[in-house]
Structure formats: structure tokens, C-alpha cells
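Next come the chains, spelled out residue by residue.
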Amino acid sequence: MEILASLVIAVLFSCGIYLVLRARTFQVALGLSLLSYGVNLFLFFTGRLITGAPPLAPGTAATADPLPQALVLTAIVIGFGMTAFVVALALRARGELGNDHVDGQGARR
Amino acid sequence: MNLLLIVLLPFIGALLPPLAMRLGRGAAAWTAAAVPAAALLLAVEPLGAAFRGEPMTGSWSWLPQAGFDLILRMDGLAGLFILLILGIGLLIILYANYYLAKDDPRGRFYGILLLFMGSMVGIVLSDHLLQLLIFWELTSLSSFLLIGFRHRSSEARRGAKIALTVTGGGGLAMLAGFLLLGHIADSYQISVIIAAGDSIRTHALYPPTLLLILLGAFTKSAQFPFHFWLPRAMAAPTPVSAYLHSATMVKAGVFLLARLFPALSGTDLWFFVVGGTGLITLLFGAYIALFKHDIKGLLAYSTISHLGLIVLLFGIDTPLAAVAGVFHIINHATFKASLFMAAGIIDHETGTRDMRRINGLWKYMPVTGTLAMVAAAAMAGVPLLNGFMSKEMFFAETLHLTALGSAAWLLPVAATLAGILAVAYSARFIHDVFFNGEPVNLPIYPPHEAPRYMILPVAVLVGQCLVVGVFPTLTVAPFLALASADVLGGPLPAYNLAIWHGFNAPFLMSLIALVGGIAVYSLRQRLFNVSAKLFFEIDADFIFQKSIDRITGAARAITMTLENGSLQRYAALLLLSAGAAFALPVITGKAALIGELPLSAIGPVTLLGGVLIMAAALATVLWRRQRLMALIALSVVGLVAVLTFARFSAPDLALTQLAVEMATIILLLLALHFLPQQDQAESSPLRRGQDLLLSLTIGSGMGLLTWAVLTRPYTSISNYFMENSLPGGGGANVVNVILVDFRGFDTMGEITVLAIAAVGIYALLDNLCLAPGTLHGIGRRWAPERESLILTQITRFLLPMALLVSIYLFLRGHNAPGGGFIAGLTTAIALILQYMASGIAWTHRQWRQKYHKAIALGLFIATTTGIGSWLFRHPFLTSTFDHFELPLIGEFELATAMLFDLGVYFTVVGVIMLILATLGKLSERCLETREVS
Numbered sequence: 001m002e003i004l005a006s007l008v009i010a011v012l013f014s015c016g017i018y019l020v021l022r023a024r025t026f027q028v029a030l031g032l033s034l035l036s037y038g039v040n041l042f043l044f045f046t047g048r049l050i051t052g053a054p055p056l057a058p059g060t061a062a063t064a065d066p067l068p069q070a071l072v073l074t075a076i077v078i079g080f081g082m083t084a085f086v087v088a089l090a091l092r093a094r095g096e097l098g099n100d101h102v103d104g105q106g107a108r109r
Numbered sequence: 001m002n003l004l005l006i007v008l009l010p011f012i013g014a015l016l017p018p019l020a021m022r023l024g025r026g027a028a029a030w031t032a033a034a035v036p037a038a039a040l041l042l043a044v045e046p047l048g049a050a051f052r053g054e055p056m057t058g059s060w061s062w063l064p065q066a067g068f069d070l071i072l073r074m075d076g077l078a079g080l081f082i083l084l085i086l087g088i089g090l091l092i093i094l095y096a097n098y099y100l101a102k103d104d105p106r107g108r109f110y111g112i113l114l115l116f117m118g119s120m121v122g123i124v125l126s127d128h129l130l131q132l133l134i135f136w137e138l139t140s141l142s143s144f145l146l147i148g149f150r151h152r153s154s155e156a157r158r159g160a161k162i163a164l165t166v167t168g169g170g171g172l173a174m175l176a177g178f179l180l181l182g183h184i185a186d187s188y189q190i191s192v193i194i195a196a197g198d199s200i201r202t203h204a205l206y207p208p209t210l211l212l213i214l215l216g217a218f219t220k221s222a223q224f225p226f227h228f229w230l231p232r233a234m235a236a237p238t239p240v241s242a243y244l245h246s247a248t249m250v251k252a253g254v255f256l257l258a259r260l261f262p263a264l265s266g267t268d269l270w271f272f273v274v275g276g277t278g279l280i281t282l283l284f285g286a287y288i289a290l291f292k293h294d295i296k297g298l299l300a301y302s303t304i305s306h307l308g309l310i311v312l313l314f315g316i317d318t319p320l321a322a323v324a325g326v327f328h329i330i331n332h333a334t335f336k337a338s339l340f341m342a343a344g345i346i347d348h349e350t351g352t353r354d355m356r357r358i359n360g361l362w363k364y365m366p367v368t369g370t371l372a373m374v375a376a377a378a379m380a381g382v383p384l385l386n387g388f389m390s391k392e393m394f395f396a397e398t399l400h401l402t403a404l405g406s407a408a409w410l411l412p413v414a415a416t417l418a419g420i421l422a423v424a425y426s427a428r429f430i431h432d433v434f435f436n437g438e439p440v441n442l443p444i445y446p447p448h449e450a451p452r453y454m455i456l457p458v459a460v461l462v463g464q465c466l467v468v469g470v471f472p473t474l475t476v477a478p479f480l481a482l483a484s485a486d487v488l489g490g491p492l493p494a495y496n497l498a499i500w501h502g503f504n505a506p507f508l509m510s511l512i513a514l515v516g517g518i519a520v521y522s523l524r525q526r527l528f529n530v531s532a533k534l535f536f537e538i539d540a541d542f543i544f545q546k547s548i549d550r551i552t553g554a555a556r557a558i559t560m561t562l563e564n565g566s567l568q569r570y571a572a573l574l575l576l577s578a579g580a581a582f583a584l585p586v587i588t589g590k591a592a593l594i595g596e597l598p599l600s601a602i603g604p605v606t607l608l609g610g611v612l613i614m615a616a617a618l619a620t621v622l623w624r625r626q627r628l629m630a631l632i633a634l635s636v637v638g639l640v641a642v643l644t645f646a647r648f649s650a651p652d653l654a655l656t657q658l659a660v661e662m663a664t665i666i667l668l669l670l671a672l673h674f675l676p677q678q679d680q681a682e683s684s685p686l687r688r689g690q691d692l693l694l695s696l697t698i699g700s701g702m703g704l705l706t707w708a709v710l711t712r713p714y715t716s717i718s719n720y721f722m723e724n725s726l727p728g729g730g731g732a733n734v735v736n737v738i739l740v741d742f743r744g745f746d747t748m749g750e751i752t753v754l755a756i757a758a759v760g761i762y763a764l765l766d767n768l769c770l771a772p773g774t775l776h777g778i779g780r781r782w783a784p785e786r787e788s789l790i791l792t793q794i795t796r797f798l799l800p801m802a803l804l805v806s807i808y809l810f811l812r813g814h815n816a817p818g819g820g821f822i823a824g825l826t827t828a829i830a831l832i833l834q835y836m837a838s839g840i841a842w843t844h845r846q847w848r849q850k851y852h853k854a855i856a857l858g859l860f861i862a863t864t865t866g867i868g869s870w871l872f873r874h875p876f877l878t879s880t881f882d883h884f885e886l887p888l889i890g891e892f893e894l895a896t897a898m899l900f901d902l903g904v905y906f907t908v909v910g911v912i913m914l915i916l917a918t919l920g921k922l923s924e925r926c927l928e929t930r931e932v933s
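Here the protein sequences come in this chain order: X and B.
For the first sequence, the numbering used here gives the first residue as 1, with consecutive numbering after it.
For the second sequence, the numbering used here gives the first residue as 1, with consecutive numbering after it.
No lab work stands behind these hints: they were computed from the structure.
Heads up, some of the hints might be wrong.
To be verified - Ranges between beta-carbon positions, derived for each pair:
hint	chain 1	residue 1	chain 2	residue 2	range
1	B	Cys769	X	Ala53	51 to 61 Å
2	B	Asp766	X	Ala53	41 to 51 Å
3	X	Ala53	B	Leu179	50 to 60 Å
4	X	Ala53	B	Leu576	37 to 47 Å
Glycine included, C-beta positions come from ideal geometry on N, C-alpha and C.
Chain X on its own, in the form it takes in the complex (with noise of 0.2 Å):
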């Protein structure tokens, strides 16, 4: 299980970052979304995986970790807010630049 955690972690970052590192900005979001669900994914995991026994007190030894679950909460939200905002700074230069290039040009460099 560990191994495949693994896997899907490396898979998110590797995707993630191809995706933001492209020149046009809707690709950007999109490799920004990759790349939260990978964060998320990844501090959920530091909590280790647990079945069956989700964090309601009075818990016992084997209950989740109630800490990363409560950090990566309030980080979905807050994902939801940046993706948005890189939405509209994107619209905001396709309407001022004309273009949809990270760099505000049309042509690649």
C-alpha cells in the first residue's frame, strides 16, 4: 500500500508540474489543480492510512489523526481559492494582452 501511495504522489507531482510549467495558462490551472490534489494527497498520507476509523472522540489508538485531515480541509478551500484566482488573473490578461500565454505573448519564446 505504502508503495502504491507512493506511486500516486510521484504520478500527481510528475503531472502537476509538466502541466504548470507549460506556456498557456488554462494548462497552468490545470497542472495547479494536479498539483493540490497531490499536496493534499500527500500531508493526508503523512497522517498514515487508516480504514475504518474516522476521528470522533472518545477514539481509540487505532483512529485516524485528526491533525492532517483538519490542515488538508481548510487546504481544499483554500486550493478552490487560489485555482480561482489564477482563473481570473488569466482572464484578466487574455482580456488585456489579447492572448492566453503565460508571459502575455502570443508567439513562444
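Here the structure of chain X is known, so what remains is to put chain B in place on it, guided by the hints.
Frame of chain X; chain B shown alone:
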């Protein structure tokens, strides 16, 4: 207390002249003059204490955590400088009142002047090295403002900039030197350091310490090769020049030499560096001064030369030479201040400073002429004037020097040569300006004598030159003895302040200097010609500008390589450095990568999920140019993430992710509407290869990191939360209790960030009208149908139920999966569904909501809940809860944390709706514009 007042008075007083300006120009000058006058009165008592041999000290707690107190001490040396700074400052203020033009901003002028005065007072009274440095840099800053006072003139701005760069740079070197010195002496207190002179001189770090401190002193005192800022600073109004270049700014450097003389002097290094620099500066300044046609230029270079003389005297490093150095500090301050003021009068009355045009002023301004002649004679070292006496002592000291061995004759010869040059440029100043024919084409003609009160300060100073020169023992002797004793830190050498020592070698040297100087002056025309052929003037200013240009050029080049404006490049650099930071400890073997725990088994469902999420992520990349497909693949990634959370005991996360997933996909769909459909240009294969390599490297790094984490034993701080959630927070859902109670302040920050993001998005997009990518690329139009009847009807029916669900999720959030975030997201999704089914116009008609208000309400509720706990004398956001009994419903629990959660709920609803509605409205707006057009 007196000492602190003396330092603070100018700083507080600096605020007064700008205010007094409203009462009139004179009022500004008089309030400014009151400051040094009052400070002088305050200085009487500590001065008396210094004379009694018990210097007044005082310390006030400043930064006790850093062991940094404000320590002031007024010994004889400090007292002497206080008299010079405040006394000459007072005269300058009076003089400036008549010098400044009617429309000059006097309030500002006097304000900055007093700031500068306070900084100087701070330097001389400080008994702590770092504190001294603070005042030192303050003088650099305030002199920058003074030199650049006429900020409309580019010359003034340049002069100010150069002065600040040179003296500020020297100050930085000095800071390093002070830190070393404090390290060596194990104290920053100057009186302690002075007492530890022997151990400092033998310390291994002595040479760098000395050189760094000297760098500071030499730049401030305009020693060669840092002298070039001083002539440039002549762009300042003349009262400023008279103040900065006689008694203050440039004297700060020599003051430091005098102050640290007992601690640092007495070594060969000191002798050669200080003495050598002084000697070169003495000769160089005197030589250049002779050839300057600008009166202030001549005085500027003569100042450089005299500063060189003082530095040389300290460098000679005998007790008597140090006494002569202190003496010359006093004398130079008086005659140079009066000469600058006289030059200011001449400039003021003739409109020019060019000595080729100003001639024969004697018959127009005899009083100024007389005073200037006396002061210039003092500068030349004519007997019966103060300059003569210190110069005589200097000549005598050069003769007794044994340190140079067989080259001992060199110093007296050089001294005599400097004396000849000094007489020559002094003669030039007098003869060229007041005699030598008639004025040539003056801007103001005929010149008049200056107003009485402008001449008065000059007369006071010239009177001092005369009185000190004639009655030295009655006037200056006690001050000199007192200050010199502090410089030497031991018994005074025997010296005799008599006017006539008999016909001896020093007197002969003076005589040669006088005769030779007049001869040089009379031959000046030929000398000018020869000099023009032999020497070319090294334009230090030009070199300065070139090196500044080169430095900025290099900085720009480095910046451009790192920061070329390409976001892709930045992202790559950022990732590369992050990867390197992670890889370094692993590669160097400081951290083992994989832990020791055994691997656990994989179930078939989990395996399927894992494969699915990886495949979907890859599909997102592969389909990145078919945007809708990429979006679908992305949503699969999100859904598997939801399932992952659900499977591994995180129902809250699963609910949140599910709701956010929908919002995200809708957001990206909306964005797609406005972004070009076809991706015209793909990056080059090389770039794609690079990026692929980089992303695979970092991705696998993250994978390894995950593996490393998961195979290590687990310890967590969560036990505390698990145990205290019910008794302390009154909730069984620990995740929710952490969010709204334990870490409520974090959540508060997070919803604030969300609110800012939403408002920012609103600001970015509110006025934007984007043409949708309708006809872009293939030229297909968007489908014209806007609303589906079935969807419309169903969503209207669904809305109340969805809202009910969200209320349920909210209420149970404290004890079971749910809470403000999840309920807010659910509400938002229900509302968005209305938009999607019925269109913006209809929805807005139904709701008439201002989502800004929801955000504000949410933040308000959250904050007031937090503040509410103050009423009960608890820290911000302390929560409480209790159980209540109601008929029909039964027992239920109320917690203030739920109120906070309500704030979270409203903020989340407002944020999501504001973002999506703003994006959605983009199309409406453009529809309107299209219909209008």
C-alpha cells in the same frame, strides 16, 4: 538628565521651525536658534563637571534584551566638540536667516539643520560604539538632505548622492570595525575600550579592526582618495557648507581618531596608515586648492588639506602632536567657518563665486574684506592668529620625529611645502577677491556690504581667531588641556602656548612658508600653465560615476539572467532549487531515505483506485490541448481523491473535496468559455524534454519522500486533541473541533484569505469584457439553447431540500462529519445549480443577493465571536459550551464555537458564490455589449 536633554533637544527642536514658519520667516530662525542656545546653557553644568575631572555620565535602558543601553558621557573632548557644534551652529542659524532667499523653505532648512546638529551631538556624547554609529549614520543621512537642499538642481542632487554613498559606505565599513573592536575588548562601551588599549593593539584582529574603522573615519573626514565628495558637496547652500565643513560633519572623522586614540594608536600600522594618508591629503588638497577658480572650491580643497593636517598630527603619534591636532581642530573650525560665511556673503552680494570675475571688492565691502583677511591670515598661519600657533606646533613636531630614520628630513620639507601652498591659496583668496583690479561682468553690480546681522557671526568667529592668537593662555588653554588629556588618556606633555618661542627652526619654517607662499602666488600664472601641462586632474567624480554605472550594470545583468520575465523560467528555477534542497541531505547521506516499517497489503479496490487516479492524471496531461477532455480527466482525479479520503477514515475531507470538486469544475468550465480553444503553438521539443525531466525528477522525489514518511514509525501530537475534544471543546468530531476551537485562530486567518481572494477576483474581473472564444479556431458557435426545462424545474424543487441538507450538515458538524466549511460548500453548490439551470438573470431576480455582504457578515460573526470571549476576560476565541433541554427536541448542546462556525459558513458561501457569479457575469456583460453594438 542634562546630557540626555542636550542630545534630544535638537531632535525635538527640529519639529519647531516648520511649525514656526506660519508665524513668519524670522520666527523660524529664532525658534531654531533657541535650540542650540538652550542646549549650550544645559551644557554648562556637565562642562564644569568635566573641568573638575569627574565627567558626567548617564545611561538609560534602551534595548535591555540585546544588552544595549543608551550611554552618554561628557568628558573634556566631548565638551570641546559640544561647544564647537552648538556655538558655531547658533551662529550659522543666525547667518542663514539673512542668507536664504525669501522663497527658500526655511522651516525645512532649519528642521534638517537641527536634525544634523542633534546627530553630531549624539556622536560626541556617545559612550557606546554602536550607539555612536547610529548617530554617525544619522549625520550621513541628514547631511544628504542638507547638501541636496536645493533639490531642483541636478548638481545638488548629485553632490548629495555622492556624499551619502561615500560616507554611508565608510560607515558600513566602520560598523564591521566596531563589531570587531567590541569583540576584542568584550565591551562596546567606549570608556572600557579606551582602558583596554594594550590588549587591543596586541590582538590578532587589530589590523583589520583598525583599517575598517579608519575607512569610516577617512571617508567622513574626506581623506585622499575619498576626498572627492567634499568639493561636490559645495552645491549645498553656503551656511550648510560653513557648518558641515568647519565644525561638524568632516570633524566627525577626526573626532573618532581622537576618541579612539588611546585604544588604537601607538603601532607602526597606525603611524604609517594614518600619518601617510594625512600627509598625502595635506599636500594634495593644498595643491588643488591653489588652482580652483571657485571661491567655495578653493575653500573646499583647503578644508581637505587642513583635515589632512589634523589626521597627520594624530598619525605622528606623539603626545605633543596629538595636542597640536586637538588645537588645530579648534582653530580650523573657527577660521574655516568664518571664511565660508564670508564666501557666502560675497556670493550673495555679487551673484557669482568665480574669482576670475570677482575682483577689487575692497572698496565695495571693506568690513567683510577686513574680516576675511584676518580669517585667511589665520588659515595661512600668520603670527598673532590662532592658525599660526597650531601650525607652529605642527612644524616643531615634524622636526622631532625619529620613526622615519634616515628619511626624517622628508616630513619637515613636506610640511614646509604644505605651508607654502597654504599661504599661496590664502593669498589668492584675499588678493584675487578684494584687490587685483576691477570686478568683471558681475551679475549683481555694484555689490554692497552685507546686512549687519549677516556679518555679525563672521565677526564673532574672526574675533576668536584674533583673541586666541594673542592671548592663548587666557582663552583656549584650559579647554585644550582638558580635551587633550582625554585624547591622550594619560598625563599631558609639557608645552608652552606662547606667541614667541624665539628664533628657532619652526619659526624659520613659518617664515619660509610665508615668503615662499607669496612668491608662489605672484608666479601663479606661470605655475598654472606648467601645471596644466604636467598634471591632468584625476576626475574622481568621473571614476565614481563609472564604477557606480558598472556596479548597477553588473547587478542588472545578474538580475536579467535569473529574472528574464518568463514565468516558465521562474517556475523551473523555483522547482529546481526546491528539488536540490531536498536532494542534498539524501545524496550526502545525512538522512536515510527509506524507513524500517514493513509494507502493508493492498486490497483490490485500493489498487483499482490507485491505477485510476494515475491514469486520469496522465490523461489530463496527454489531453491538455483538448480542453474539455482534460477537464473530465481532472475531475476523475478529484473523484478518486474523494474516494481515497472516504476509504481512509476522513469523511469530512471526502465531503469537502466532493463539494469543492464541483465548484472547481464549474469554475474551469466557465473559464474555458473565454480562453482560446485551440492551442496554437506548443513548446519546442527541447523545452518539453527539459520540463519532462524536471517534472519526473521532482515527482519521483516526492514519491520517495512519501515512501520515506510512510515507512517510518508514527508519532503525533494528536492525542491531546483526541483527549480534550469532548471535555474541552464539547464536540466529538475532532477535525471540526480543531478547526473551530483548538486552532480557531488559524481558521480565522484562512477564511480571511479566502475573502481577500474572492474580492481580488471580483476586482480583476468586474470591469472586464471578454469576447468569448466563440468564433475562435474552428468557427463553431456555442449552442443557442440556454435553459433546459426539466433541469430548471427539478433544481427549483431541489433547492429547499439542498438547503435543508446543508443546515443539517452544519448543525451536526461539531459531533459528526460536517461543519461550517462543508455546509457552506453544499449551500453554494445548490445555489450554483440554480444559476446553471435558470441563468443568471433569473437567479439574480430571485435572490437579489450581494455576496460581498455574505462575506462581510461571515467575517463579522467570526470576529465578534472571538472578541466576545474578551468580555469574560478570556483570550481571543476562547469557546464555551453547555447542554440545554427543550420540550419535544430533548437535550441538545450549544457551543460558542458553533457561532464561529456560522461565520465560516457565511464566508464560504459568499466567497464561492462571488467568485463563480463574477465569472458567470462575464458572459452576460459581453452579451449586453454585443446587443448594444
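- Task: List, from low to high, the hint numbers that the structure doesn't satisfy.
- Result: Violated hints: none; all satisfied.
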